[in-house]
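Following the hints, position chain E against chain R.
Protein chains: 2
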Amino acid sequence: MTTLSDLAVSAAINTTSALAFLLVFALLRLQPINDRVYFPKWYLKCKRQEGTKRNGARSVSNIINLDWKGYLHLLDWTKEALKMPEPELIEHAGLDSAIYLRIYLLGLRLFVPMFLLSAIVLFPINATDDKLQDSHRFLFSNIDKLSISNVKDGSKRLWAHICMSYIFTGWICVVLFREYEKVMLMRLGFNDAQRRRPDHFTVLVKNIPIDPDESLGLHVEHFFRVNHPDNYVLHQVVRNGNKLAKLVQKKKKLQNWMDYYNIKLLKNPAFRPTTKTSYLGLWGEQVDAIDYYTKELEDLTTQIKTERKKVLDDPKALLPVAFVSFKGRWGAAVAAQTQQTKNPTVWLTEWAPEPRDVYWRNLSIPVVELTIRKLVMAVAFFFLLFFFMIPITFVQSLANLKGLSEKISFLKPIQDMKFVSSFLQGFLPGLALKIFLLLLPTLLMFMSKIEGYTSFSSLERRSAGKYFIFLVVTVFFGSIFTGTASQQLSNFVNESPSEIPSTIGNSVGQKALFFVTYIMVDGWASIAAEILRLQPLILFHLKNTFLVKTERDRKKAMHPGSICLDRNIPKIELYFLLGIMYAELSPILLPFIIVYFGFSYLVYRYQVINVYDQRYESAGAFWPHLHTRIIICLLIQQISMIGLLATKSADKSTPMLIVLPILTHTFHLYCKNRFEPAFSKYPLAEAMAKDTLERAVEPHLNIKSYLQDTYMHPVFKEAEDTDSDSEEFDQDPPLVPLKHSLQDGTPVPSASSATQMIIRYQ
Amino acid sequence: MTTLSDLAVSAAINTTSALAFLLVFALLRLQPINDRVYFPKWYLKCKRQEGTKRNGARSVSNIINLDWKGYLHLLDWTKEALKMPEPELIEHAGLDSAIYLRIYLLGLRLFVPMFLLSAIVLFPINATDDKLQDSHRFLFSNIDKLSISNVKDGSKRLWAHICMSYIFTGWICVVLFREYEKVMLMRLGFNDAQRRRPDHFTVLVKNIPIDPDESLGLHVEHFFRVNHPDNYVLHQVVRNGNKLAKLVQKKKKLQNWMDYYNIKLLKNPAFRPTTKTSYLGLWGEQVDAIDYYTKELEDLTTQIKTERKKVLDDPKALLPVAFVSFKGRWGAAVAAQTQQTKNPTVWLTEWAPEPRDVYWRNLSIPVVELTIRKLVMAVAFFFLLFFFMIPITFVQSLANLKGLSEKISFLKPIQDMKFVSSFLQGFLPGLALKIFLLLLPTLLMFMSKIEGYTSFSSLERRSAGKYFIFLVVTVFFGSIFTGTASQQLSNFVNESPSEIPSTIGNSVGQKALFFVTYIMVDGWASIAAEILRLQPLILFHLKNTFLVKTERDRKKAMHPGSICLDRNIPKIELYFLLGIMYAELSPILLPFIIVYFGFSYLVYRYQVINVYDQRYESAGAFWPHLHTRIIICLLIQQISMIGLLATKSADKSTPMLIVLPILTHTFHLYCKNRFEPAFSKYPLAEAMAKDTLERAVEPHLNIKSYLQDTYMHPVFKEAEDTDSDSEEFDQDPPLVPLKHSLQDGTPVPSASSATQMIIRYQ
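Residue numbers (UniProt numbering), protein chains in the order written: chain R, 1 to 762; chain E, 1 to 762.
This is chain R alone, in the form it adopts within the complex (with noise of 0.2 Å):
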């Protein structure tokens, strides 16, 4: 059993940690030299240079920070972040971050009240019942005295506890409804007022039947002319560009290393660079490095064309999708929500992504392949779920040192040893848990990838769905249940399903402890090392020192990441689960929490003003998968409280909870029948509204030039990039890495309310 003193141990570390990452960033960021790193989306957006600040002087000052005074404001930056108002936010960094934002505001919103109201009520209540000190059958810590458990059984004094469950429910549906409005809204409002976008009129027709008498792109039009033709605009038939992209990735790998060696050359020119032909340059017939990668270089370059040009011309090469667009918004409403013909599984259509947001490589699944690949990774994941229990079992195990050290004699003195001891039981199981957490979203990505979903946006979706299971069987209750994962899920099975609520309500409140431990160390030394860019950090240096020729290199270089969706939504719905149900059960959680919540905003809203750059814009499509786990999570608190109750004999008052997972299940489908089309669904006056708007102000706008090639797979572009690119470089290499080279500054648009952000904000 943890001990308050673990707790404190552990409690220490982390803060520490957390503490020392954040004084490490503060100290960092304020460093010239490391400008790009935490402020690249202002460079992105062209509003930040390089030495603008110092009016131009090449000094040491572009380095590192020699003014006092900076240091003086060391905590500025939680001011920065909290500055700008929201509609500036979204303007600045998009609907998404915005919405992402007020995740953690939600929980803010629902958990400060809830824990006030548990400290008046519950704390007392709990408190100043005896059951723990009546029994010996539990060892316990004085944190368990506020919880539930040191309620008698049988008490009336639970009633206090069934009528908390009714206003914490009602309390969170309450701000549920309210927040899931105000951010339908949101979106509804954006989508307003937004310009024009490709993707308002367009839609993705999918599984286009051959037509053995025309060619593709004849019968799209053709379907499309007979069938909406009033509506039908253009289409652009998706071309299989996967080899294409592939070759490109691959020269751009060369020309990274023919950067590299070119850059050695030039500082030791009297020592010509060689290299290993084989993999990595790492065996095989030594060569001159510059030669080789030249000779390389061509060859891909060659190859590229080659590839380009036959996927272009080849009809093969054509897939039987396409992207089909509309003279209005109100067509392509029309044709993304209906069917197209009485055989349902061609001429599919629905709303085309964003172009940004176009998953392309799955565009080339035939559709009939999908049910397969889906129940295929469904199995998988099943597996993947129960067998990932093992490992996390065992570290599970070591938190319990003493009752471990019982039967293995020779850990016994790192139990006498009391820091270390505090150490292990502490820190250990929730880093190790971490870092088994850290490589699942890749994994579970690549799985949503192989189901073939076409848009990032989906993808994200889709995978935070089963991250969000994970989390909860993984870390939920593999933390409460103890035993393997087969047996486990063996007990799930042969236990009868009233048994099951009765476990979870037991054992939930032991672990309180545990899940402070886990807060901590996921939670806030987390994002502590968010906000300090590590990783980005030492990639930048190495890159703009070995790699970086021009300006337009460093940018690259600066890689500024986005907010992952698909890791961080399912962690803050652990949150909520946690929070939600450890409300009732030990209040004592939810301080932990709060400062969790309130840690992230603040981080995160930084984050998005100063360095992520969205990889595309969904205008909160998550918001409908965050309020369902929400809602699930509050059913698993109800029928553990349901279970927990029924335990303690509570036997007349436990029936009374019965009617609480039903209405919540009423409100879920309240709010999915209410807010849940505006996230789907494309609605006609809307659209008939933006038309004539539009056709008024605009009257002669070219509708077809606007839409044109909008749709084209980016490797044709940059295949044609890279083209210009490296006959550019052929021609004229620069003599000189500039590093942190001057530039003109290029003139700011002035008129723009982010110009007067810029100046606020360096």
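Calculated directly from the structure, the hints in this document are not laboratory data. From a predicted model like this one, the values you see are computed outputs, not experimental measurements. Certain hints may be false.
Remember, identical chains collapse to one label, so a pair may be satisfied in a single copy or spanning two.
[Stated by the list, open to error] Okay, derived cross-link-like pairs now, BS3-like style, lysine-lysine, Cα gap no bigger than 27 Å in a straight line:
| hint | residue 1 | residue 2 |
| --- | --- | --- |
| 1 | 374 | 681 |
| 2 | 681 | 327 |
| 3 | 690 | 327 |
| 4 | 374 | 672 |
| 5 | 543 | 267 |
| 6 | 690 | 342 |
| 7 | 182 | 342 |
| 8 | 327 | 342 |
| 9 | 374 | 243 |
| 10 | 342 | 681 |
| 11 | 305 | 717 |
What follows is chain E alone, placed relative to chain R:
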């Protein structure tokens, strides 16, 4: 334990009664006096009239059949039933009826090959083992030796059953797939080939928001003129005619009494009939009947006139519901499949049901109420489901007379009377269940009406869904598990999930003989009763004697009835469950089910051709419902099989079966995706093709005048009708109630194929 001789008695009773019903039917249908009871369909189509066969001469031969030749061909009706080819049947009775008949054929197609295979493979395998001879734990009858119960635990013979599981599942899926495809094509072909129907152009719009500035009608018109500018034609706002409908209904009743007394007076002019003023004429003041009813009718006519005027003029009688029609099918398809405004709870559009199919009463339910109504009904259904089981279980316990008489001594003599005992054992349990279940569909339909569905077809599907759950839980599980309803429920909750399949698998084999009895009572006997039409026969003759004055009255008295999909389909689904379940466990059940399907097919085909008059045409909209339920039956069988094999300690082979439910579920998803849209959506390409064709064929069609007033509450027309009726009656009462009055045969449309049919059928 039911023995073989019990079974024989039961089979004898049921077969005899079924044959008796058939004989009576064969005799009655030959009597001209019953012509309107057994051939109402032809009268409604104006293709048959009394006395046409006898060349218009009134004689006793118009009442009973004196032609002895007719009696030689008693069984001709079976030939008649099978003679009409399917396309003609569709034209004659509609697609719903034709597809309904295919369900029975589907049963035959499934179970005949399954029985043959079982008989060849499983009978020898089961019969040559000897578990039941070894063990004395179970009482068993000879039939059980052919079932899987006779195979020893852990025997290698069980591999045969596992193989059969795969073969059967594969066969069922193949047949279901082909049938679904066929039905879908029939539906699409039917819609294609059909004449213009108003519901193809019309969309039902619900929850229209109130606009304070304009009337509801104008608001609807403006909304659709703006958002569907090229397609909108007209709209019909629905008026609340519920009160008027009640008044009209009441008037019809009074009119019936009035007619009754008028006829009484005419027969015996010396004696003026009297009645009492209160409930049903049983209490209250004695008054002259004709004066009293004349007065009452006059009052009611005035009331109806006032109410009708009020409803038609008062804007408050307008409901926020409208039928909106479009210029073409394309426009209607677009409006029906898209979301109209950003608030998804207003301007809800859906396909309008056929005018005959609209359930007007529910159109007045506010949309916000619907969620609550559904929730309440779900809870009510849950309670109904589990408290309903108490009487069933009581009756079940009767079947085990032996066990009962051991406890209750005075039952001993009954058990000793061999025949009575067998009768009770074999006949009573099924009969009692049957009486219970007879009352149920009406209740379930009532519950579905409360849920607020707005078309008869959806009401029937909804009721059928509930009834299916009922049948599965009460008849199937209720027979398998013994004990009271609450015991069973608590068993289910307290048993572990892995035990439930074993329990089912274990007991299901022992219940085979009970289900044979059930099939004979519920299936065979009730189908024979169906063709006899005893209730309509009596009612028709009563009405014909006491109420009928004119030819139109006689038409009204016919009551052809229709196939009650909400009663029949769940029953058929239960037989599918039994068939699929016992095909492996105890294949001896299959012949009984095959006889049921064959006999039903014959009887219903006869009835569809000669009797039933469908209230509406949904073009087979119930098929997805049926398909899903059969898949559910298959899943229940697979899970029971896993449980059974687990208890037979076939540990190695059982896991082989776990793949089956997963495959079945995948098959279901595929079918859903592939076929279901054809039952809920109108594809745009089809709509456009039909529109284009129509425009070419009828360029001057005035669609507006075609659609005008198609969606009008029938009560407004009826109110008019009854007005004119009563006036007509007041002015010119017929002097004599015309029984079998002869009229000049109205000329039958000569060119149609139907005429030839009539000749053939007379």
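Can you tell me if residue 690 and residue 342 fall within 27 Å by alpha carbon in one copy, between copies, both or neither?
Between copies only: 13 Å across chains, 31 Å inside a chain, cut-off 27 Å.
Please work out whether the CA atoms of residue 342 and residue 681 approach to 27 Å or closer within one copy, between two copies, in both situations, or in neither?
For residue 342 and residue 681, both the intra-copy (22 Å) and inter-copy (9 Å) Cα distances are at most 27 Å.
Using 27 Å as the alpha carbon limit, work out where residue 182 and residue 342 are close: within a copy, between copies, both or neither.
Only across copies: residue 182 and residue 342 sit 13 Å apart there, 39 Å inside one copy, limit 27 Å.
From the Cα coordinates, with 27 Å as the cut-off, is the pair residue 690 and residue 327 best called within, between, both, or neither?
both (12 Å within a copy, 24 Å between copies)
Homo-oligomer pair classification [residue 672, residue 374; C-alpha up to 27 Å]
both (25 Å within a copy, 16 Å between copies)
Have a look at residue 305 and residue 717 and pick one of within, between, both or neither, based on CA distance no larger than 27 Å.
This pair counts as within: shortest intra-copy Cα distance 12 Å, inter-copy 76 Å.
How do residue 543 and residue 267 come out at 27 Å by Cα distance, when the copy is not named: within, between, both, or neither?
The answer is within: 16 Å in one copy meets 27 Å, while 113 Å across copies does not.
Please sort residue 681 with residue 327 into within, between, both or neither, judging by C-alpha distance up to 27 Å.
Both ways: residue 681 and residue 327 sit 18 Å apart in one copy and 25 Å across, limit 27 Å.
Treating 27 Å as the Cα threshold, decide for residue 327 and residue 342: within, between, both or neither.
This pair counts as both: shortest intra-copy Cα distance 25 Å, inter-copy 21 Å.
Copy assignment of residue 374 with residue 243, given that the CA separation must stay at most 27 Å:
within (24 Å within a copy, 54 Å between copies)
Within a copy, between copies, both or neither: which one fits residue 374 and residue 681 at a CA-CA cutoff of 27 Å?
both (24 Å within a copy, 25 Å between copies)
Violated hints are absent here; each numbered hint is respected by the structure.
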